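Note that this note's numbering has the sequence shown beginning at 34, numbered continuously upward.
Hint data in this document are derived by calculation from the structure and do not stem from the laboratory.
No experiment lies behind these values; they were computed from the predicted model shown.
Some hints could be false.
Said to hold, decoys possible - With a Cα cut of at most 30 Å, we get these calculated DSSO-like pairs of lysine-lysine:
| hint | residue 1 | residue 2 |
| --- | --- | --- |
| 1 | 85 | 68 |
| 2 | 48 | 81 |
| 3 | 68 | 48 |
| 4 | 81 | 68 |
| 5 | 48 | 85 |
| 6 | 62 | 77 |
| 7 | 85 | 62 |
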Amino acid sequence: MPGLILNVLVEQGQKVEIGQGILSMEAMKMENILKTTIAGTIEKIHVKQGDKVNQRDTLVVLSELTS
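Hey, can you work out the whole structure from these sequences and the hints?
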C-alpha cells in the first residue's frame, strides 16, 4: 500500500538502538513510526519528508553494529 513520509527522525551516520523510531509515515490515514529491529548505523536515507513511497521501496539502509 502506498504511504507518505511525514518526518525523517534520523540522520545519515547516526547510531541507533533497537526499537528506535527512524521514520514517521502515513498509510491508510494512519500515522506509523517505523522502528529499527537491530542496533546499528544509518548508512543512507533514500527518502525525505513529503515523499510518496510504495511497498518494497528501500527507505533507509542500516548497518548492524558489531561488538
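Now the hints, each set against the structure:
For the proposed pair residue 85 and residue 68, the alpha carbon gap of about 19 Å is at most 30 Å, so the pair holds. This hinted pair checks out: residue 48 and residue 81 have alpha carbons roughly 19 Å apart, not beyond 30 Å. The straight-line distance between the Cα atoms of residue 68 and residue 48 is roughly 13 Å, inside the 30 Å bound, and the hint therefore holds. Taken as a hint, the residue 81 and residue 68 pair is honoured in the structure, with Cα atoms around 16 Å apart against an allowance of 30 Å.
As the CA atoms of residue 48 and residue 85 are separated by approximately 26 Å, the hinted pair is consistent with the 30 Å bound. For the hint pairing residue 62 with residue 77, the CA-to-CA distance comes to about 27 Å; that is within 30 Å, so the pair holds. At roughly 13 Å between alpha-carbon atoms, residue 85 and residue 62 fall within 30 Å of each other, so this suggested pair holds.
The structure shown violates none of the earlier numbered hints.
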